[in-house]
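K.L.:
Given next are the chains, with one letter for each unit.
2 protein chains.
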Amino acid sequence: MPQIIIADDHPMVRGALALAVESAFDQPEILECAHLAGVMQLLESIGAADLLLLDLRMPGVDGFEGLVRIRSQFPATPVVVISALEDPRLVREALALGAMGFIPKSTPRAEIVAALSLVAAGGTYRPDDLALAEPAPDPKGQAADDDFLQRVLTLTPQQRRVLQLLGTGKLNKEIAYDLDIAETTVKAHVSSILHKLRVYSRTQAVVMAGRLHLDSFADVAEG
Amino acid sequence: MPQIIIADDHPMVRGALALAVESAFDQPEILECAHLAGVMQLLESIGAADLLLLDLRMPGVDGFEGLVRIRSQFPATPVVVISALEDPRLVREALALGAMGFIPKSTPRAEIVAALSLVAAGGTYRPDDLALAEPAPDPKGQAADDDFLQRVLTLTPQQRRVLQLLGTGKLNKEIAYDLDIAETTVKAHVSSILHKLRVYSRTQAVVMAGRLHLDSFADVAEG
DNA sequence: ATTACCCTTGTACCAAAGTACAATTGGCAC
DNA sequence: GTGCCAATTGTACTTTGGTACAAGGGTAAT
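Chains B and P are the protein sequences, given in the same order. Numbered per the UniProt record's numbering, the first sequence finishes at 223, counting up by one with no gaps. Numbered per the UniProt record's numbering, the second sequence finishes at 223, counting up by one with no gaps.
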């Protein structure tokens, strides 16, 4: 009996996802959470779930921090990110951070079911139209950013988690605590990250990386 | 005789707004601008206006940069943002950045008049349907942004320049060279900045400031 | 002229960041 | 198996970053 965790602060969304889960799995045990703390608690008690549907925006979490922490502490649990947004950069970012799938809330239920089955089978899912539309867009001054993105993609998963936490302004000591590793190790990762990204300080790394997914909080296009 | 500035690059919009202003105020002196530079010039010459209606999109400004610059240099002038869009996130962002109101261009004239009166009386206006939907999504994240902006506004001109360079990831040594001051002085400024912004590392300052989209607001200071 | 604030700089000290080198573990592939 | 690589940790070191304290010069307002 597969254990599936649905984490979203909106009850209606949880209900919709629960329906999809019941269609995709055979007699699933569905556990619901409205906030990150509950998810962590659940995972600690049951060790690992067979699937976790995680909303990006929840009380206590803004953005990818929750994903990073869960992937760090419970790497055995596959995570599918649920989000109201579907910016291609968000999708890439989520998958780069270890998510096994990215499902926009606007996705038709049938496709959600298919996506969950795919992930349960070990695959990774992303919206169809984004898979192809990915290399196309971005007209002008994105060349430098593109290079930078290529470098970010050379980072190992753990290094990406460290970079993510760097992006919140945390000290090495805090990162070590969050990822449950020694500060020495964090330093080793940071050093490696700086080399790979070709910058010479954590602040520069944060600035550069920030430009890549700046729009995750507010798309401020034309007014 | 209240001085009201209407800043919008579209003459027709300025005309419509002018009508609303004349209904909302008693014998207003209406000053019109089509671009940000004109607004800054006007404000410098008259010190502070009684109200500024500011379009988000104007020549030389894309997004909130104009709002931030004006709020930074002329905090005494209440600003109401005019926009063709009415994305709730845009509204929250604008108010978080110190706008006293947000009026979509689709708003009926009668309501525009009421909104302007409300702001003139010291209130803040936002579209009705958003007023109720607002407390739900991000109650504390926005408050934090608002507080942070207030703190940024307490920085001295030179400190803002330093913060600006911090935001590019430069070392103290590089900032010192750019501003032609001693590295010691840069350290003093950074220390003061960190205290005023209530963060404990340059990286955190950069992250926080970056969230406000304040990428360049220091270059006009002391102009 | 006294106050207040900004900008500047110095010294000294402590904490954090980053580098270099070496070593161990575990997984995965050939 | 052997080899490669991610991840971990340690020691030791240098460089930045940041604080605390003190102080001189400039400007503007009271």
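Quick caveat, the hints were computed from the structure, so don't treat them as lab data. Here the structure is a predicted model, which means the values were calculated and not measured. It is possible that part of the hints are untrue.
Note that identical chains are pooled: a pair holds if it fits in a single copy or bridges any two copies.
Claimed, not checked - Restricting the straight-line Cα-Cα distance to at most 20 Å, the calculated cross-link-like pairs of lysine to any residue (SDA-like) are:
(1) Lys173 <-> Arg198
(2) Lys187 <-> Val13
(3) Lys187 <-> Tyr200
(4) Lys196 <-> Arg69
(5) Lys105 <-> Ala34
(6) Lys105 <-> His35
(7) Lys105 <-> Pro88
(8) Lys173 <-> Leu194
(9) Lys187 <-> Gln204
(10) Lys173 <-> Ser192
(11) Lys105 <-> Pro78
(12) Lys196 <-> Pro127
K.L.:
With reference to the structure, classify each hint as holding or not holding.
P.N.:
Now for the hints, and whether the structure bears them out:
no.: 1; hint: Lys173 <-> Arg198; in the structure: between (23 Å within a copy, 19 Å between copies)
no.: 2; hint: Lys187 <-> Val13; in the structure: neither (40 Å within a copy, 49 Å between copies)
no.: 3; hint: Lys187 <-> Tyr200; in the structure: both (13 Å within a copy, 19 Å between copies)
no.: 4; hint: Lys196 <-> Arg69; in the structure: within (19 Å within a copy, 30 Å between copies)
no.: 5; hint: Lys105 <-> Ala34; in the structure: within (16 Å within a copy, 37 Å between copies)
no.: 6; hint: Lys105 <-> His35; in the structure: within (18 Å within a copy, 37 Å between copies)
no.: 7; hint: Lys105 <-> Pro88; in the structure: both (14 Å within a copy, 18 Å between copies)
no.: 8; hint: Lys173 <-> Leu194; in the structure: both (18 Å within a copy, 19 Å between copies)
no.: 9; hint: Lys187 <-> Gln204; in the structure: both (16 Å within a copy, 18 Å between copies)
no.: 10; hint: Lys173 <-> Ser192; in the structure: within (17 Å within a copy, 23 Å between copies)
no.: 11; hint: Lys105 <-> Pro78; in the structure: within (19 Å within a copy, 38 Å between copies)
no.: 12; hint: Lys196 <-> Pro127; in the structure: neither (29 Å within a copy, 44 Å between copies)
Checked against the numbered hints above, the structure breaks hints 2 and 12 and satisfies the rest.
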